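Listed below are the residues making up each chain.
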Amino acid sequence: MSDTAKTVALHGGLLALLFALGFLLPAYHHGNLARIMVLASYAIGYNILFGYTGLLSLGHALFFAAGMYGMGLAVQYLGLSPGPALTAGLVAGAIVAGAVGLLALRTAGVAFMIVTLMFAQAGYLTVLYFGAFTRGDEGFVLQQAQRVLWGIDLSDPVHRYFAAFALFATCLAAVLWMVHRPFGKVLIAIRENEDRARMLGYDVFAYKLAAVILSGTISAAAGAAYGLLFGYVGATFASVQYSIFPLLWVLLGGAGTVLGPFIGTLFMFYLIDLSSGITTAYMLIAGVVLVLLTLFAPQGLAGELRKRIWRGLP
Amino acid sequence: MMLMSTRGLTRQFAGLHAVEDVDFDLPQGQVRALIGPNGAGKTTFVGMLCGRIAPTSGTVVFDGQDISRLAAHKRINLGMAYTFQITSVFANLSVAENVALAARRRRHGGAVQDAVVRALQQVGLQDRLAQNAGDLSYGHQRLLEIAMGLAQHPRLLILDEPTQGLTDSEIAAFKALVRGLADTTTILLIEHNMSVVMETADVITVLNSGRVLAEGSPQAIHADPAVQRAYLGTGG
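As you go down the protein sequences, you meet chains A and B in turn.
Taken in order, the first sequence gives residues 1 to 314; the numbers are from UniProt numbering.
Taken in order, the second sequence gives residues 1 to 236; the numbers are from UniProt numbering.
For reference, chain A alone in the conformation it holds in the complex (with noise of 0.2 Å):
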């Protein structure tokens, strides 16, 4: 089998399990496989700057955030639709992300982690100064009646998990597209080898302040998804936490490997899952867990498959 059509089986065949699964699975994984999708597309997007481009961002929660509040507030005072509210998060997202990709980009390493952070912080405490509009922690919730796009009620499980399906396919498919395209694979070279990309005569700060506005505006995507899915909005999602979630399932789950965000995401979320089942030091577990694989398998779930049994694996 050629390398597309094993790339094509393997991706395509997820897509199809997911699709299967929305049928089969019993309410409450339906429930979280819903809610891991649309993580794992803000994954994806972080994967796009750290996993592709290589630039660690400690700030993506700014991004999540901004998509969320950008629909949130747009549906909330504005009283938009949820098809405009979600273009006023997208657009909001990538501006956010040209502003932020703009400054911290002058700055590289741990720099680049701070400047990000440190943005991150400045976005998180504008919503609670504004707490008047964003309710600051408590939060808004969304209305039934609000969350109905194009005649398809989004609070309803089903319409809901589908909804995470077209969200998440939409951004695998667009990822998987890139990465085969010749501005993926500069971006791979920038990650690889910066200098010698530029000796190659790529103007690398535009090939980076597009993949930071790539991956900003698709977190967006992730974030005005959220809120609209799950009819809340609030501060959580622009702390500190929602800046560390991204690299950690992209690091479990196989850095800048197409899958490696939904396996990391899929992983850890059933990893708390089940073993808060068990007990309530389970954030124990989920840390042992963590440390094991980091040992054992330091180029996450994915990377050990590519590793091991694909080199191929995009």
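Taking CB as the label site, the calculated pair distances span:
| # | chain 1 | residue 1 | chain 2 | residue 2 | range |
| --- | --- | --- | --- | --- | --- |
| 1 | A | 12 | B | 126 | 27 to 37 Å |
| 2 | A | 102 | B | 27 | 35 to 45 Å |
| 3 | A | 17 | B | 92 | 23 to 33 Å |
| 4 | A | 183 | B | 2 | 33 to 43 Å |
| 5 | A | 296 | B | 108 | 40 to 50 Å |
| 6 | A | 19 | B | 108 | 33 to 43 Å |
Please keep in mind that the hints were generated in silico from the structure rather than gathered at the bench.
In this text, all values refer to a predicted model and were calculated from it rather than measured experimentally.
C-beta atoms are modelled at their ideal positions from N, C-alpha and C, and glycine is treated no differently.
Assemble the complex: chain A is given as a structure, and chain B must be docked to it using the hints.
Quick look at chain B alone, frame taken from chain A:
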């Protein structure tokens, strides 16, 4: 016609003159070798030509255009190519993709693949297309560097110690390659291997302690007593 010229090009590192007041002219179509002892400033000098290192003072002119303030990637897009002294390939990408990244600056679609195959044939790596660049031997990585330079179809090809780590037969092939390119490409070659320099260069420039010590044909340089003292080491 001069393809590349510098006037008063100087670079100081913490008070030390790595390159000092260099006037340099490279005519179109010439193969020029840049030689000199370790630390003479050769890599710093070409670094300023292609924009990796900013000069402390002086100007760089490429094809009639002052490029002293131009960013490195823009200089490359004017038709320069630079191969690194320390092997600097994309280790986790295939050999073909390494060269394709170089070729895509000037070509699109199917022409990229043609240019990749041609460049790899020129250096003799055509059988290793699918291999990961990081898995190549050191010598083959050097050849891949050269192929990446060739695939850009530059007007000026700057090669920083290209034959370091190559076998004798690979060096012989490299000499033939440079002679074959000389019709279409201007070449600036930093090189320690004197047989490569003597057999490929039209003109040699000798740098010593950041200054131009001598410049002339291989025969003239070979016979120059100042060069012999500073570099070839006749011992008296």
